[in-house]
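Go by the hints and put chain E onto chain H.
Residue numbers (numbering that gives the first Met the number 0), protein chains in the order written: chain H, 0 to 503; chain E, 0 to 503.
The set of hints was computed from the structure by calculation and includes no laboratory data.
Just so you know, not all the hints are guaranteed correct.
No more than 30 Å apart at the CA atoms, straight line, and that leaves these computed lysine-lysine pairs for DSS-like [stated by the list, open to error]: (1) H:Lys57 <-> E:Lys356; (2) H:Lys98 <-> E:Lys469; (3) H:Lys98 <-> E:Lys87; (4) H:Lys57 <-> E:Lys313; (5) H:Lys4 <-> H:Lys344; (6) E:Lys98 <-> H:Lys469; (7) H:Lys112 <-> E:Lys87; (8) H:Lys391 <-> H:Lys378; (9) H:Lys501 <-> H:Lys87; (10) H:Lys249 <-> H:Lys57; (11) H:Lys322 <-> H:Lys374; (12) H:Lys322 <-> H:Lys416; (13) H:Lys57 <-> E:Lys232; (14) H:Lys322 <-> E:Lys57; (15) H:Lys356 <-> E:Lys57; (16) E:Lys261 <-> H:Lys356; (17) H:Lys249 <-> E:Lys98; (18) H:Lys57 <-> E:Lys322; (19) H:Lys344 <-> E:Lys112; (20) E:Lys254 <-> H:Lys87; (21) E:Lys394 <-> E:Lys378; (22) E:Lys391 <-> E:Lys356; (23) E:Lys232 <-> E:Lys391; (24) E:Lys254 <-> H:Lys4; (25) E:Lys4 <-> H:Lys254; (26) E:Lys356 <-> H:Lys254; (27) H:Lys10 <-> H:Lys394; (28) E:Lys112 <-> H:Lys98; (29) H:Lys87 <-> E:Lys112; (30) E:Lys57 <-> H:Lys57; (31) E:Lys57 <-> H:Lys313; (32) E:Lys10 <-> E:Lys233; (33) E:Lys254 <-> H:Lys356; (34) E:Lys441 <-> E:Lys416; (35) H:Lys215 <-> E:Lys98; (36) E:Lys249 <-> H:Lys98; (37) H:Lys98 <-> E:Lys98; (38) H:Lys261 <-> E:Lys356.
Given the structure is predicted, the values throughout are model-derived calculations rather than measurements.
Chain by chain, the residues:
Number of protein chains: 2
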Amino acid sequence: MAAEKITSRAKDYSQWYLDIVNRAGLAENSDVRGCMVIKPHGYAIWEKIQRSLDRLFKDTGHVNAYFPLFIPKSFLAREEQMAEGFAKECAVITHHRLKAIPGRGVEVDPESKLEEPLIVRPTSETIIWNTYRNWVQSYRDLPLLINQWANVVRWEMRTRLFLRTAEFLWQEGHTAHATQQEAEEETRRMVEVYRTFAEDWMAMPVLVGPKSEGQKFPGAIYTLCIEAMMQDKKALQAGTSHFLGQNFAKAFDVKFQDRDGKVEYAWATSWGVSTRLIGGLIMTHSDDQGLVLPPRLAPIHAVIVPIYKSDAEKSAVLEAANKLAQSIRDLPLREWLNYEPVSVKVDDRDQYQPGFKFNEWELKGVPVRVELGPKDLAKGACVLARRDLPGKEAKEMGVPLANAATRIGEMLQAMQKALFDRARNFRDQNIHEINTYDEFKKSIEEPGGFFLAHWDGTRETEDRIAAETKATIRCIPFDRKQESGKCMVTGQPSEGRVVFAKAY
Amino acid sequence: MAAEKITSRAKDYSQWYLDIVNRAGLAENSDVRGCMVIKPHGYAIWEKIQRSLDRLFKDTGHVNAYFPLFIPKSFLAREEQMAEGFAKECAVITHHRLKAIPGRGVEVDPESKLEEPLIVRPTSETIIWNTYRNWVQSYRDLPLLINQWANVVRWEMRTRLFLRTAEFLWQEGHTAHATQQEAEEETRRMVEVYRTFAEDWMAMPVLVGPKSEGQKFPGAIYTLCIEAMMQDKKALQAGTSHFLGQNFAKAFDVKFQDRDGKVEYAWATSWGVSTRLIGGLIMTHSDDQGLVLPPRLAPIHAVIVPIYKSDAEKSAVLEAANKLAQSIRDLPLREWLNYEPVSVKVDDRDQYQPGFKFNEWELKGVPVRVELGPKDLAKGACVLARRDLPGKEAKEMGVPLANAATRIGEMLQAMQKALFDRARNFRDQNIHEINTYDEFKKSIEEPGGFFLAHWDGTRETEDRIAAETKATIRCIPFDRKQESGKCMVTGQPSEGRVVFAKAY
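One chain only, chain H, in its complex shape (with noise of 0.2 Å):
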């Protein structure tokens, strides 16, 4: 129980990001290859990940569904791209029975291998417009809005905990319409879901607007994304949302009849967030002493650490802070809070020091300490510290007990606020138009960051620079800046910049 210190992320920032998904307990990795094991801690947070976007997820009219696990072979070879772009990393079933073989253990049973071989989901458009096929026969029947929760497997050689895994945890949303506008709106509206979320709930800020043709998802017409910048200024792809024309109707033969008794193949979308969003949070907020949590997505939002010696002040205090803590629950922040209550955890484990327990809820991001002695009883008095801020500036000393619930749900509320400001300043700090080819190859390089450039709009463009600097374009914003000009490699026309930046 030594307090080993984190890496800094001066010293080592791929270092720091694995030193604080350890020592916050939020995940390991398992001895199956590439997948992780999602500790308590690290899963609450997903857990309050969850139900916040379910809740913007059913507010814009949406319900949840379950689709198998598994897809048959021939499904995803059904669209063309699809098999191109999920074919050679998938998990592959072939047997449905393993037999004991006295003294070696038990052995695949060659008697029980599958007529077709089944794929564990890497994805699930193929699998799901096989089942809508059966579900649309009139305008009547759409739109649908369908969303399903579930794990999947991309066989991933090389991994990160969150960022990169075999298997990971996610939402994918997939919809039909009856017409290409409609869903060309579906496709908008959530990657604006996506931002809302990221921003006001993860406060991480993000860029929005289309990927090049280059990183588009495989079968998709266009992907919208949100694109965020990590502390080291990489680029994390934090949600994606694809429109998908009529590519997965006309592969799975989804028809129906149009107000004008015309057959029209449906129109599609699909977006989905991960668990890598977790990879995000950590690495927008987190500092070298440990996690730092947004106060709307953390698990236990205040600790109280009573401090005592004898037993008469143990009794005294356990009691002043067992009051206190139901003031806390009781604050009116259910709505911020996504109808949950404040979560406050009196820490009264008797075999750790005060001490222990205040680097211990730091290590895993907790917004708001207490710190609640005899002394400060005395005073009718405690002292509160928020997680966000340097040394000193952290502390408010004697804060009247009477007055600590609100101020502790006007800390929460501010810190929130104080993240987001603080990302958005660093992010825009970092965000640079660059002008010249040779320019951009030592920037991206030092000092790093998202770079505005123009380019030629072409694939090959593209390519070239990926292969010569390892940057790529993560998004071109809605909101970038009218401006035609002429691309930073090939010197021809470009409708406008675009961000390129090196990403996880």
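Just chain E now, kept in the frame of chain H:
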């Protein structure tokens, strides 16, 4: 959209069940062998079940986490009973890549063969205890009180929607303790949580007690269960809680230093319920008109069907309907409904007639229907109908709008109680003591039900009875009367009566 009648229970119980699942939009078979699609209304019920159970778990000190979908083949071999119990029916992953073959779609790439095959988890004891090895060093690290919400796969040959499917959704609790006593207390605590959930939320009365040796979980020392009677008098195992002793700790080397410095193996429990509960819900309460849902688990509590002809009528009626809906949402039932709002739908779809809507919501099991037309409005009143009562008894005419919300709150609570009482009466009327094997063999066929009979306690007799009658020992109820006797089959001494029934 023609309203085909549901097959009646009396005519064909199995078909009635499938008709309900189909017509209420709960689930359907997919094109993947044995896997179901859980449709939005079915999934909404599962979400209700999840949230209510999850709160009961957290209130008893448990936290959620997530472990890998895949289990290395060798793990299964480490616990002998586990290997025997699950190896016969599992999805085996042997390769990790497909490749495109021009003109032939995609094929499994033989070069991507895994060194060690993986199986899709049929249950997670092995992977979880393999993880716990690194989490447990000292008694201070115990207990681990962890639950997982997940999908699991068992390669069932004969499937039935919700009741038995190859893939299903469930929760599995896996706890580790420092002492046998603590683990046994946990085993009992969790079966009682299941009883509470079954009776207070599902309104489904259950018998509670251990399984016989022949029916226990592979790898368990003993299994406790909740067992319910369906309307065809067959039994449904609805939840199990296993005391696993030190079997998994020994198989995966999970040791800790106890208070005295001695190294011990940890003690284990596991417990689970699944989407099978939705099958139980249907078969406990539903009728020949469709689904009947206990209000505490209903995704929609009340539907308001406005009745109008002219536009003027429509606007007046809808205004009153929306006002009433809001007052229903504001009912003080939050705690009773697990802190989720009362859910009300105003069915303002123009394309359907009121009669069609009445049928649809009846089919879907909405507990209370409100009818509101211009004549009602003129009297400042509405008509209420309770889903579980027959014919005219269901209706309350001329309920003043000012009282309607309160009255609906009362009806929801009364209905929850009435469903439980009706199910318990039915169950109690169909439990019989029986003393001879001849009588047993006749009665198990007709009239059927649960039979309390003496049994000599041997596996041999248990297996013989199962082979000859298809009835199994469902449970040895905790609250059985103290009565020794003689086994109905062998005449050997019996410690008390056990419950026999045919089961799903």
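Results for each hint:
1. H:Lys57 <-> E:Lys356: holds (22 Å)
2. H:Lys98 <-> E:Lys469: holds (27 Å)
3. H:Lys98 <-> E:Lys87: Between H:Lys98 and E:Lys87 the Cα gap is close to 7 Å, so the pair holds against 30 Å.
4. H:Lys57 <-> E:Lys313: holds (27 Å)
5. H:Lys4 <-> H:Lys344: Satisfied, since the Cα-Cα distance of roughly 25 Å is no more than 30 Å.
6. E:Lys98 <-> H:Lys469: holds (27 Å)
7. H:Lys112 <-> E:Lys87: Holds, at roughly 13 Å.
8. H:Lys391 <-> H:Lys378: holds (21 Å)
9. H:Lys501 <-> H:Lys87: holds (24 Å)
10. H:Lys249 <-> H:Lys57: Between H:Lys249 and H:Lys57 the Cα gap is close to 28 Å, so the pair holds against 30 Å.
11. H:Lys322 <-> H:Lys374: OK: H:Lys322 and H:Lys374 at ~17 Å, within 30 Å.
12. H:Lys322 <-> H:Lys416: Holds - the C-alpha atoms of H:Lys416 and H:Lys322 are around 28 Å apart, at most 30 Å.
13. H:Lys57 <-> E:Lys232: Violated, because 39 Å separates the two Cα atoms, which is more than 30 Å.
14. H:Lys322 <-> E:Lys57: At roughly 21 Å apart (the allowed maximum being 30 Å), E:Lys57 and H:Lys322 satisfy the hint.
15. H:Lys356 <-> E:Lys57: Satisfied, since the Cα-Cα distance of roughly 22 Å is no more than 30 Å.
16. E:Lys261 <-> H:Lys356: Holds. E:Lys261 to H:Lys356 sits at ~28 Å (cutoff 30 Å).
17. H:Lys249 <-> E:Lys98: Measuring from Cα to Cα gives roughly 23 Å; hence the hint holds.
18. H:Lys57 <-> E:Lys322: Answer holds: H:Lys57 to E:Lys322 is near 21 Å, not above 30 Å.
19. H:Lys344 <-> E:Lys112: Since the Cα atoms of H:Lys344 and E:Lys112 sit roughly 49 Å apart, the hinted pair is violated (cutoff 30 Å).
20. E:Lys254 <-> H:Lys87: Answer violated: E:Lys254 to H:Lys87 is near 41 Å, above 30 Å.
21. E:Lys394 <-> E:Lys378: Roughly 17 Å between the alpha carbons, so the hint for E:Lys394 and E:Lys378 holds.
22. E:Lys391 <-> E:Lys356: holds (18 Å)
23. E:Lys232 <-> E:Lys391: holds (28 Å)
24. E:Lys254 <-> H:Lys4: holds (28 Å)
25. E:Lys4 <-> H:Lys254: Roughly 28 Å separates the two Cα atoms, so the pair holds.
26. E:Lys356 <-> H:Lys254: Cα-Cα ~26 Å, so holds.
27. H:Lys10 <-> H:Lys394: holds (28 Å)
28. E:Lys112 <-> H:Lys98: Since the Cα atoms of E:Lys112 and H:Lys98 sit roughly 19 Å apart, the hinted pair holds (cutoff 30 Å).
29. H:Lys87 <-> E:Lys112: holds (13 Å)
30. E:Lys57 <-> H:Lys57: Judged against 30 Å, a Cα distance of about 25 Å means the pair holds.
31. E:Lys57 <-> H:Lys313: It holds: about 27 Å lies between the C-alpha atoms, which stays within 30 Å.
32. E:Lys10 <-> E:Lys233: Roughly 16 Å separates the two Cα atoms, so the pair holds.
33. E:Lys254 <-> H:Lys356: Judged against 30 Å, a Cα distance of about 26 Å means the pair holds.
34. E:Lys441 <-> E:Lys416: violated (34 Å)
35. H:Lys215 <-> E:Lys98: Roughly 22 Å between the alpha carbons, so the hint for H:Lys215 and E:Lys98 holds.
36. E:Lys249 <-> H:Lys98: Given that 30 Å is the threshold and the Cα spacing comes to 23 Å, the pair holds.
37. H:Lys98 <-> E:Lys98: Roughly 29 Å between the alpha carbons, so the hint for H:Lys98 and E:Lys98 holds.
38. H:Lys261 <-> E:Lys356: The given pair, whose Cα atoms are some 28 Å apart, holds under the 30 Å limit.
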